[in-house]
Amino acid sequence: MLVLDLALKSLRNRAFSTSLTVGSIALSVALLIGVENVRVGMRESFSNTISQTDLIVGTKGGTIQLLLYSVFGMGAPTENVSWEAYQQWAEHPAVAWTIPYSLGDSHRGFRVIGTNADFYRHYRYRGGQEVALAEGQASEGLYDVTLGADVAEELNYALGDEIAVTHGIGEVGFLVHDHMPFTVVGVLARTFTPVDRALYVTLEGMEAIHLEEGAPPASDDGHAHDDEAEAAPADDGHAHDDDAEAEAAPADDDHAHDDEAEAADDDGHAHDEEAEAAAADHDHAHGDEAVAASADDGHAHDDEAEVAADDHGHAHGAADLSIEDVEVTQITSFFVGTTDRRDVIQLQREINDYEDEPMMAVIPGVALNEMWRSLGYAETGLRLVTVFVVLVGLLGMLVSLYTSLKERRREMAILRAVGAGPSRIVALLVLESVCLAAAGALAGLALVYVLLSAGQSLVEAQVGLFIPIRPPGSVELLFMGAVVTAGFLMGFVPALKAYRTALHDGLTVRV
Amino acid sequence: MSLAIDIRHLRFRYGGGPWVLDIPELTLERGARAFLFGPSGSGKTTLLGVLAGVLEANEGEVTVLGENLTSLSGAQRDAFRAEHIGYVFQMFNLIPYLSVLDNIALPVRMHAGRRARLDGAGVKESATVLAGHLHIDDLLSKPVTELSVGQQQRVAACRALIGAPELIVADEPTSSLDFDRREDFLELLFQECERAGATLVFVSHDRALEGMFSRTISLPDVNKAVL
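Chains as they are written, first to last, in this note's numbering: chain D, 4 to 514; chain W, 149 to 375.
Calculated from the structure, these hints are not laboratory results. As the structure is a prediction and not an experimental result, all values here were calculated from the model. Misleading hints may appear alongside valid ones.
[To be verified] Below, a sample of chain D positions facing chain W; criterion: calculated Cβ distance under 7 Å:
id : residue
1  : Leu5
2  : Ser13
3  : Asn16
4  : Arg42
5  : Arg413
6  : Glu414
7  : Ile417
8  : Arg419
9  : Ala420
10 : Val421
11 : Gly422
12 : Gly424
Glycine included, every Cβ here is placed at the ideal spot set by N, Cα and C.
Okay, chain D solo, but in the shape it has when bound:
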């Protein structure tokens, strides 16, 4: 085709301005497609943070909040889920598997998560990939900790290292217990999800941390007995005090009687000590009571927990607890996989309607979408900017073509003289514009692939963002089609100018 041949040769003749124009369009198209790729990569890595989990269950609250603290390791729940409730749902016929999660502690800014073997067995991310161990093994013992890849790398920990865990979530927790170090037994392979930025201990290990701080009082069972064993022979007088308190509590009847009997000889002594001892021993008494008490007691104890903490902590720190000694009483949230996906909605409704505790179940995909949409403004803004960049690139082409027209009037007159109608002049210029836009779009696409293949691993290593390299999809083709179409339409501006000039000039060039 003559006009195409002319257009290409004409562009080649102006190689410098052509390559500049193509280059600027290519850069803008590369930016457009690149941003789209990054956006898709971000969205995918975002929605692939967790996969194959049908429901995430926690206490009632915001959907996004539940997602944030259970999947992204941000924020904290307002309430916990009791172990009993968890057990009940785990045994629900529609449930195939569960992963219990217990949060609330940190180690040098990284989350500490209490979970069990179900985590290593069932947790999936990015299209069903399993959490794998890079070295060592999963936490099994009470003081075992398995590290996420980022944690191991950033804190430079190796297997066998002993680390302390802080209660609380911030960079510096308010209590640091060097008395109870955890031992690194494993390091997880990198997942590029928030899994990398957490430490994994057993549920019991997490309870043990709480015990250390005396926070969940209901678990004081075993310790209370230990205390009694140590304290009993020397402390007759205290027993009497206990008694005074205990009389009010009907549950403690038998115990109180025993104490009374032993204490009979030592009245005077007991009275001397009463003033001093009252505060400290009060707590002990309550601790004992808790053995028989119901869950309600937990709240009553919280008031005194801080006072008690020191006493208890020291008492137990020395004692080597084993995993059997610790009873898990509560978790933060749990993940659910169903036996049949069609049951998910029904199960979600049942959990949301659970009456014993305020609970909420969310479908991760739905919640992730909701969350992504709430971040959508930034996305739209970014895309808008890149569209404008492409428009600027195309405008550059327009300017370049338009200014070239002046020096090409002679050429147009020659073409007219050999029989080219004005429509051919228009076609020539529009075609040149389309060729520039198409070349720019193709070069831009190629540039994206060059940059992606060169920088993919770097981006993955530096930012943890995996941008997949795929053959151009419908989005890329749509963008390129749009750029070529825009080039086509813009081509009419210089083309119509040339048309009018050609009609006016005829066979001479009037300046």
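Once you've looked at the hints, dock chain W against the given chain D.
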């Protein structure tokens, strides 16, 4: 049908400007070698534009090679020009990004009717034969930017002549050549027009060449728009 050009009551002006052409009658028989002269501004180039069908007459009739141009549409006139008319400019005749051969082949590639007039010969063959006649066959593969002005005018002549159009219009093609080369160029042009049986309309303000032509038309005499 014996007339190559038959103009009746032609009036032309650019836009709403003054009349540039006002020619009650002008005819030229086929096969003539006409010398059209006039001072600058006498409407020479405008007349050629009208004859070539690039410009449209405001009034009157312009019949070229038996075809009434005033009854044709713009596109039809373009096609008519492509097929039947060869045009040579004063200078800058060539498209800079095309080779000599491509420049010569342009009219043939532009219009199938012109290509049909090659009588089955290939574009390159025909161009080579013509270039041989004009002594530029050694330049065919060169970029046009390397040619001298004289060489460029011969290439332009080749382009006008390829496909043997019936009417050759040359707008001061020799004005940029020195005198000896003018005569050489004209001799070659006459030769080729004769070979093809074409009518030649040659425009110049230089009356020194007048003697070489069979017919002289003084534009100021026929164009009443010029005072």
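Would the stated hint for Gly422/D survive a check requiring a Cβ distance to chain W of less than 7 Å? holds (2 Å)
Would the hint on Ala420/D be counted as holding, given a Cβ-Cβ threshold of 7 Å to chain W? Status holds, d = 4 Å.
Identify whether the interface hint at Val421/D stands, where standing means a beta carbon of chain W within less than 7 Å of its own. Given a least distance of 4 Å, the restraint on Val421/D holds.
Does Asn16/D pass the interface hint, meaning its C-beta sits closer than 7 Å to a C-beta of chain W? holds (3 Å)
Restraint: Gly424/D near chain W, CB-CB cut 7 Å. Satisfied or not? holds (4 Å)
Hint check: 7 Å Cβ-Cβ cutoff, Ile417/D to chain W: Check passed: Cβ of Ile417/D comes within 6 Å of chain W, closer than 7 Å.
Do the numbers back the hint for Ser13/D, that is, is its least Cβ distance to chain W under 7 Å? holds (5 Å)
Are Leu5/D and chain W close enough, Cβ to Cβ, to be under 7 Å, as the hint says? With Cβ-Cβ at 5 Å, under 7 Å, it holds.
The hint names Arg42/D as touching chain W; please verify it with the least Cβ-Cβ distance against 7 Å. Since the shortest Cβ distance to chain W is 42 Å, the answer is violated.
When the nearest CB of chain W is found for Arg419/D, is that gap smaller than 7 Å? holds (6 Å)
Holds or violated: the hint that Glu414/D contacts chain W, with Cβ atoms closer than 7 Å. This hint holds: Glu414/D lies near chain W, its Cβ roughly 6 Å from the closest one there, short of 7 Å.
Just to be careful: measuring from the Cβ of Arg413/D to every Cβ in chain W, is the smallest value less than 7 Å? holds (5 Å)
Checked against the numbered hints listed earlier, the structure breaks hint 4 alone; every other hint is satisfied.
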